[in-house]
Amino acid sequence: MFRLDELVARLGGELIGDPAVRVGRIATLDTGGEGDLAFLANRKYASRLKDCRASAVILAPDARESTVLPRIVTADPYVYFARVAQLFNPPVLPPAGLHPGATVMADVPPSVSIAPGAVVEAGALIGEGAVIGPGCHVGRDAHIGAHSVLHANVSIYHGCRIGARCILHAGVVIGADGFGFARERDGRWVKIPQTGRVLVGDDVEIGANTTIDRGALDDTVIGEGAKLDNQIQIAHNVRIGAHTAIAGCVGIAGSTVIGARCMIGGQAGIIGHLSIADDVVVSAGTLVTKSIARAGVYTASLPVQSHPEWVRNFAHLRHLDAMADRIRALEQRLDKADPAE
Amino acid sequence: MFRLDELVARLGGELIGDPAVRVGRIATLDTGGEGDLAFLANRKYASRLKDCRASAVILAPDARESTVLPRIVTADPYVYFARVAQLFNPPVLPPAGLHPGATVMADVPPSVSIAPGAVVEAGALIGEGAVIGPGCHVGRDAHIGAHSVLHANVSIYHGCRIGARCILHAGVVIGADGFGFARERDGRWVKIPQTGRVLVGDDVEIGANTTIDRGALDDTVIGEGAKLDNQIQIAHNVRIGAHTAIAGCVGIAGSTVIGARCMIGGQAGIIGHLSIADDVVVSAGTLVTKSIARAGVYTASLPVQSHPEWVRNFAHLRHLDAMADRIRALEQRLDKADPAE
Amino acid sequence: MFRLDELVARLGGELIGDPAVRVGRIATLDTGGEGDLAFLANRKYASRLKDCRASAVILAPDARESTVLPRIVTADPYVYFARVAQLFNPPVLPPAGLHPGATVMADVPPSVSIAPGAVVEAGALIGEGAVIGPGCHVGRDAHIGAHSVLHANVSIYHGCRIGARCILHAGVVIGADGFGFARERDGRWVKIPQTGRVLVGDDVEIGANTTIDRGALDDTVIGEGAKLDNQIQIAHNVRIGAHTAIAGCVGIAGSTVIGARCMIGGQAGIIGHLSIADDVVVSAGTLVTKSIARAGVYTASLPVQSHPEWVRNFAHLRHLDAMADRIRALEQRLDKADPAE
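Residue numbers (UniProt numbering), protein chains in the order written: chain A, 1 to 341; chain B, 1 to 341; chain C, 1 to 341.
Hint data in this document are derived by calculation from the structure and do not stem from the laboratory.
Check the hints yourself; a few may be wrong.
Derived lysine-lysine pairs resembling DSS-like cross-links, with alpha carbons at most 27 Å apart [what the hints assert, rightly or not]:
id, chain 1, residue 1, chain 2, residue 2
1, A, LYS290, C, LYS44
2, A, LYS191, C, LYS336
3, C, LYS336, A, LYS336
Make the full structure from the sequences, and use the hints.
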């Protein structure tokens, strides 16, 4: 439990009301009770303040007088909520040290935790306080930055570098070979060795079973602060800018460069060799087939219909060109019939 | 090998013909031979009965006289076939006991099988007869129900609960952090601790490399009897109803609620915060962007075309609004020309 | 470092210039320097030859006189580049032998390398020189062909067969149960045992976290030389022809048969029970819902638009049938007005 004045001393904000009130859990305006700190991040829920039973509330300056509850006023209540939630729910990390069931062929600092079943190859560098989960493999000469956490069964191929304070969820694969082959005349494929690395910046989070391939000649690069959800596929030589967030199931093909602070919706796809500007938002399910030079929101998806409606409407998609011709023909006939128009 | 009268005694159905006939394998009408039990699940294949060489056949009441072979008559031959196939092919489970290569920090019943390389953390509860495969990680305080089977390299995060008789295929990840961040004004992301759990009901099957994230505050819930195929991504706080089946590569975004007995086709996507009614069918590849309030089949996908046809037709998709305007203009011109129409 | 005459002796091609020149790295025309071998695979970059500082160049017969640098002339410079790159970058394999941290219940040849944390079940057959990475599971009676490499945390279910010289990247799952259930009248699912296997031919590469399900009765088959990228899902009883290449995130539903030398673009989907001819190319993001009988390129995807344009244009997709009706009505009105047309 934290006193409100402690919270403000640590995290900033203006405190209104009894500084000795103690809170220890985050809650919504509806569910909060004794000991809970609720938050109003969106003005449209302000009416819920009047029935709120939480011990205190986080809110924005324009809502400061909307309640008589003890409150913390801050420019961005949602970010403040996130910081308080971190304070209330610190990560539970395993104890430092190498479990006897781990196989560690490199020198690691005593502050590192390596779980049973993990394998760390020769030449790997593991930063202070890093956590290597059960069943993880850290390949030869790979680097794991200080205080980064690898959950269970993460695979880091040789030579790849993970920054500091990263979180890699279970099943992540970093540095598998990019999909690079030369094609012989008879259709057989000749493998092109993938000799680049994957470089992951500081403060990156990577979701469960996401895969990031190593570069062919140059490196694949994930900028600092980027957040990747689950089951994303990042191909060789892709570069992703700082603080870009990518939702689940997205695929990004080879050599595409994505700017900083972009947001890519779930199941979106971006084909290879494109350039996407900073601050671009791609909607869920959208396949991007051309470079995007300017910030903005971009979309390509279909409206869902009941199956019979879809059958009726979408049959015409095969004949759009003919429809356009028929419209043009109608215009010409009318023009001829009435040239004055 | 089973006698036909044994099968009927165990699984029901009406037996016509020699009860002493013995069968031990399932086969199709075309491939069945001596010792095989074939089945007719779809009337349109009834003509194949006349050349069928299987020792016996499962069929529906309306086909009872379509063959002279020994036969089991049942209301639903396909379900009957599935039950017989289970009888003929019981799962081969590893022996009970803890392999010395496993790391088990919890008390587990002697009937449990834990493979080498598996790690079970303190506080975990493992039900009678459960199987924990090689390389699996069962986090602290996680529960695995009786007779559930975790294949190789499954990761269960702390506190998550798996029901009884579940099957989790290799590479499944249950309970990784949901994708939750607050955004600062400069675009940096602040992680929101994900303090909910994943609750998986009884008799759920989860395919290889599928991921189900833990809830942010509340739990993510998979209803009993649900069947999930491979490489599905279920985001935080999703709730999936009982007996819903989801095909491979589907993504379901955060907080969406899906009803009971739904069927979601492969590569479909459902965006966040939606509500999908019971008994809804979503076709393969369909992106659902609005809640669906009534049972039925829903579709949104494009017809495949040869590339040149696609180029010709789909250029017009950028100009549908202009096409609609031109049709309206034509109608107005004609109305003016012929006001009597 | 290799002398140019050594390269030509091993890999063929015509050498023009000093045979004693030594090269040891592959580079592009722009970045190559002393000791580098550059390549011109596409005539449109020929102008870059004049500033190229590499020690030698690989090029096609029609470019043989485009530079005075030492050069290797070959019919297909890109394939030649791939072979030289393989020579310059031989795979670094772990030493042969069974690590004490591995659990091996089968007899394996001394040339095999098995890493810590790997589990090889009874009855498994491992070919000469094969590499089983850390955390891999090779199920009972599974076969791994000679010189195949399983990277970390690969799961091979019982009875599946992997050919010779295959590469399976981290997190691959081969032989999990196909998604097969019979549905009871009340919506419950009854599991159909999946008793087929997965058969993977020689020289197949399978990308990280790709999953290939075992067949229901018959086998799932991946033809020799096929190349599969990351996060692909192949359902039960699919058959994929030799030398077919499939990009990341593709899903192929049950029982579909794909020909030889096909190329399937990223995030494409192919529904079940289809037949795709040899030499078919499917564009990225395309959902294939009908069989394809002839070689060619097939596409179905939407043009990306800025979000406001998309809203304006795509609203009409729900009303295409009505638009078609209105065009027909206009044509009839004009025909009536001017029957001579």
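Straight-line alpha-carbon gap LYS336(C) to LYS336(A), limit 27 Å: holds (16 Å)
Proposed proximity, LYS336(C) with LYS191(A) (alpha carbon, max 27 Å): violated (66 Å)
Distance restraint between LYS290(A) and LYS44(C), which requires alpha-carbon spacing of 27 Å or less: holds (21 Å)
Of the numbered hints stated above, the single one contradicted by the structure is hint 2.
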